[in-house]
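If you want the building blocks of each chain, they are given just below.
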Amino acid sequence: MSEPILAVTGVEQRFGPFRALGPVDLVLHRGERLGIIGPNGSGKTTLINCISGTLRPQQGRVVFDGVDVTDAPPHRRARMGLSRSFQIPKPFTGMTVLENLLVPIDQICPSGDAEDRAFAVLESVGLLRRADHEAAGLSQLELRKLELARALVVQPKVLVADEAMAGLSEGEIDDVLAILTHLSATGIAVIMIEHIMHAVMRFSTRIVCLETGRVIADAAPEAVAADPLVQKVYFGEQTRH
Amino acid sequence: MSSRETAMDLAVRRPGRSPSAGRRSLVFALGCVGVLALGVVLTRTVENPYIFFAGYVVIQYVAVATGWNVLGGYAGYINFGPTAFYGVGVYTAAFLVKAMGAPLPVSIAAAGAAGALLGLAMGWMTLRVQGVYFAIATIALVVMAETVVHNIDYLGGASGLALMPPQAPAWAGGQPQFMLMVMLAIAVAFVAAARWIEISAMGRALRALKASEVAAECAGVPTFRLKLIACAISGAMLAIAGAPYVYYASFIEPGTAFSLALSLNAIAMPLIGGKRSWVGPVLGALLLATVQQAASVTISSELNILVVGVVLIAFVAVAPDGIVGIVEKLTGRRGA
Ligand SMILES: Nc1ncnc2c1ncn2[C@@H]1O[C@H](COP(=O)(O)OP(=O)(O)OP(=O)(O)O)[C@@H](O)[C@H]1O
Ligand SMILES: [Mg+2]
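Those protein sequence lines, which keep their order, are chains A and B. As numbered in the working numbering, residues 3 to 243 make up the first sequence, in order. As numbered in the working numbering, residues 41 to 376 make up the second sequence, in order.
Quick caveat, the hints were computed from the structure, so don't treat them as lab data. These numbers were taken from a predicted model, which means no experiment stands behind them. Beta carbons: idealized from backbone N, C-alpha and C, even for Gly. Be aware that a few hints might be false.
[Said to hold, decoys possible] Partial list, computed: chain A residues near chain B (C-beta under 8 Å):
#1 V71
#2 P75
#3 P76
#4 R86
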């Protein structure tokens, strides 16, 4: 297999004396569909923050596309093709939904047809009608879609979706899964963090399970689902869905 | 959804953005030329020199408010010490006039460079800390700059400095007329620059980081560098606005160069007018400064500061998007 698009080795993130993550090793191959599961507070978002650069881990290295980016600021990683959405939506308020998508296009892959590309992505997530609306006026659900749209409009090499489907209806989950599957078919590697089990099981080619900041399983979906340890820490206490 | 529109439908239906944006820029450019032409006509026809002195102050505030808004409005970093930059501009020009009788363009260029450097230094040291610490640091900057001037005898120290700036060119029709035209040209240039920032990718990136620095970073915006650039541009503009004062007044002192009133006005005008677009600072400055000039005969400057402060608080509390925001709400549209 070719060199992985993303390699995390020995990453450890502490908040004061509290170790929220690690040490964690993780490899993501090109075009792969990786699901990350784990109970609340197990360090999934923290791991994504270390990968995207919004946190600087105390230990370990992050190598993206063959380049050690551990000390690179988030914008440089984004420009290299690492895209993420936020679990708690962070819309660019004070501008329209369309402009929200133009920001990453401006910075990462400016082109003359930027607006057309933005419109196409807005359509695919069902936000086309909201294109000219102020982002602050969107519903919580629409904000999640905007998060996803803003992350994938730049055709990244790796897309990390942090609970992009929370609160969506079954039909909308299917829509988002179709979008992500299509993206993956074009060679984009996708990391999906999700509590919605059937979605992550259906989508992923491999699943990693985190528990108190450590990887406790890393295998094919069926194998992870059958893992007694995973069942104990995760399915056992999972009452949310 | 049966009536779901496709991207293409909307793309075709929506008004062609580029042509209409181009048209708006053309109208704006014509407006700028019109304002400058009006200035020329007025300086040739109006007899009362008081108009020119008062007009200079009002237009200077348009420049100051516009410069402040590049950082305070677009990036959302409230600089509480705009007079530090303005004062540095004044004293850069004063130094050059005293040392070598520098002509106005030289002073303006030097003041702009000094203001940009000071802006970079301030940004470099303070932008890593957000919120209240940034505000405190900008206030400290005024005290520092003023203290430095107080202790430089060559610049007149605390008692001020009388200067003999070069006279206005003959075609200008007199020093007050000339200074008014200079300040008008500066203000128009600033407003045009501010508008350009606003409609460019830079403006979009600034709005993005104002909304969420983390999300902007993850969208590829080099937030720290962008904030530094905004600090430098804003600092340069504020200092440039101060440089002509030496040629306008011929006497300068730290009290006026670093005045609290100017700081307060520079902040209040964009906040009252609306800090999201270039229109706000212009509107706020014209309104507030005109009222102040008209009332300065009757009320003291302390009362003036008090009134501005109260109006400012009222706007921050009730209409955070200023007059522009109120108008947009009333007409039900968000203009560009
Ligand atoms: N900035 C921070 N400061 C202090 N503690 C933090 C910080 N961010 C996360 N934590 C803690 O680190 C742990 C892991 O949090 P994280 O957000 O990564 O969990 P998660 O797996 O994403 O959970 P969820 O499924 O609820 O999103 C939690 O105990 C959390 O309280
Ligand atoms: Mg999380």
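Evaluation of the provided hints:
1. V71: Interface hint status for V71 (chain A): violated (13 Å vs cutoff 8 Å).
2. P75: Because about 7 Å separates P75 (chain A) from the closest Cβ in chain B, which is inside the 8 Å limit, the hint holds.
3. P76: This interface hint holds because 4 Å falls under the 8 Å limit.
4. R86: Holds, about 6 Å.
Hint check: a violation occurs at hint 1 only; the rest are consistent with the structure.
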